[in-house]
Amino acid sequence: MTSDPRAYTPYHPRWLRQPVSTYWWLGKWSYFRFIMRESSCMFVAWAVLYLLLLVRAVGRGSQSYDAFLNWSATRWVLTMNVIAFLFVAFHAVTFFEAVPQAMVVHIGRHRVPGYLVKGGHYVAWAAASAVVAWLLAGA
Amino acid sequence: MVKRHPEPFLWLLFSAGGVISAMLMPILLLLFGIAVPLRWMVAPDYEHVLRVLSNPLTRVALVAVAALSLFHWAHRFRHTLYDGLQIKHLNEVIALVSYGVAVLGSLAAVYAVWRLP
Numbered sequence: 510m511t512s513d514p515r516a517y518t519p520y521h522p523r524w525l526r527q528p529v530s531t532y533w534w535l536g537k538w539s540y541f542r543f544i545m546r547e548s549s550c551m552f553v554a555w556a557v558l559y560l561l562l563l564v565r566a567v568g569r570g571s572q573s574y575d576a577f578l579n580w581s582a583t584r585w586v587l588t589m590n591v592i593a594f595l596f597v598a599f600h601a602v603t604f605f606e607a608v609p610q611a612m613v614v615h616i617g618r619h620r621v622p623g624y625l626v627k628g629g630h631y632v633a634w635a636a637a638s639a640v641v642a643w644l645l646a647g648a
Numbered sequence: 028m029v030k031r032h033p034e035p036f037l038w039l040l041f042s043a044g045g046v047i048s049a050m051l052m053p054i055l056l057l058l059f060g061i062a063v064p065l066r067w068m069v070a071p072d073y074e075h076v077l078r079v080l081s082n083p084l085t086r087v088a089l090v091a092v093a094a095l096s097l098f099h100w101a102h103r104f105r106h107t108l109y110d111g112l113q114i115k116h117l118n119e120v121i122a123l124v125s126y127g128v129a130v131l132g133s134l135a136a137v138y139a140v141w142r143l144p
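Top line first, the protein sequences correspond to chains S and W. Letter 115 of the first sequence, counting from 1, is numbered 624 in my numbering, and no numbers are missing. Letter 103 of the second sequence, counting from 1, is numbered 130 in my numbering, and no numbers are missing.
By construction, these hints were calculated from the structure, which means they are not laboratory data. Take the hints with a grain of salt, since some may be wrong.
Per the computed footprint, the stretches of chain W lying under chain S, defined by three or more beta-carbons under 8 Å from a beta-carbon of chain S, are [to be verified]:
hint: 1; segment: 98-105
hint: 2; segment: 115-127
Derived DEER-like restraints, expressed as beta-carbon distance ranges [as the list claims (entries may be wrong)]:
hint: 3; chain 1: S; residue 1: K537; chain 2: W; residue 2: V87; range: 25 to 33 Å
hint: 4; chain 1: S; residue 1: A633; chain 2: W; residue 2: D72; range: 24 to 32 Å
hint: 5; chain 1: S; residue 1: V614; chain 2: W; residue 2: Q113; range: 32 to 40 Å
hint: 6; chain 1: S; residue 1: V614; chain 2: W; residue 2: V79; range: 27 to 35 Å
hint: 7; chain 1: W; residue 1: V137; chain 2: S; residue 2: V640; range: 39 to 47 Å
hint: 8; chain 1: S; residue 1: A637; chain 2: W; residue 2: W67; range: 17 to 25 Å
hint: 9; chain 1: S; residue 1: S571; chain 2: W; residue 2: N82; range: 14 to 22 Å
hint: 10; chain 1: S; residue 1: V613; chain 2: W; residue 2: M68; range: 38 to 46 Å
hint: 11; chain 1: S; residue 1: Q572; chain 2: W; residue 2: V130; range: 28 to 36 Å
hint: 12; chain 1: S; residue 1: K537; chain 2: W; residue 2: Y138; range: 25 to 33 Å
hint: 13; chain 1: S; residue 1: V614; chain 2: W; residue 2: H32; range: 39 to 47 Å
hint: 14; chain 1: W; residue 1: S81; chain 2: S; residue 2: G623; range: 35 to 43 Å
hint: 15; chain 1: S; residue 1: W643; chain 2: W; residue 2: Y138; range: 26 to 34 Å
Note that CB positions come from ideal geometry on N, CA and C, so glycine has one too.
Assemble the whole structure, with the sequences as input and the hints as a guide.
Written as structure tokens, this is what we have:
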């Protein structure tokens with residue numbers, strides 16, 4: 510045995526690693542909310558697919574556009590879109606709530622307060638929604 | 028020579044896609060996916076929608092929204108599989124499939140927009 514405690518020794522203790530259940534996220538509301546937030550990306554992907562199907566239908570002519578609208582009114586597509594809407598709205602809120610932590614804005618030497626940065630995003634969201642609604646439905 | 032890692036660039040795409048999808052996807056789904064099918068509003072007529080979508084600015088915006096949102100999905104999906112299902116050992120396969128789908132989806136968006144009259 511060596512007298513120097515810092516000297517190399519081939520001995521290494523076993524790692525202390527607690528096995529974590531695959532369903533760890535069901536154990537606590539905050540964990541579940543975290544996984545729901547992460548899962549919202551699936552509905553973002555669905556929204557892209559739905560948008561591209563709309564563009565394709567419009568590109569193919571008025572009959573194809575009518576067929577797309579009829580398909581959108583079927584029970585399963587409507588149900589899917591209601592669920593997707595709730596998830597993408599949840600995605601939007603969680604994204605904007607995290608903005609003050611992710612984005613530090615300075616005007617001159619002054620740091621803009623987090624609530625103003627966050628509020629600006631909500632105002633931009635409302636404005637973007639109003640423009641899209643006006644462009645597609647209101648004009 | 029310094030080896031450049033793509034992770035910061037992927038996080039950038041994730042953030043940009045997250046913001047753009049948060050801004051635009053809820054209203055698009057609400058209008059076309061819910062309000063029109065439930066007859067809360069009259070469906071926009073074909074000529075009008077075609078005029079809006081065919082505008083060069085709208086075409087560019089459509090491709091940007093689709094591509095960035097897909098990269099947002101890919102990045103978050105990859106990390107959800109790592110954290111949620113703890114399958115980080117399949118890193119390469121998951122990354123290839125996720126970002127591969129995002130690239131193919133982006134190309135599909137370019138094609139769909141290009142095919143508009």
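Practice task
Check each numbered hint from earlier against the structure, then list the numbers of those it violates in ascending order.
Solution key: As far as the earlier hints go, 2, 3, 7, 12, 13 are violated by this structure, in ascending order.
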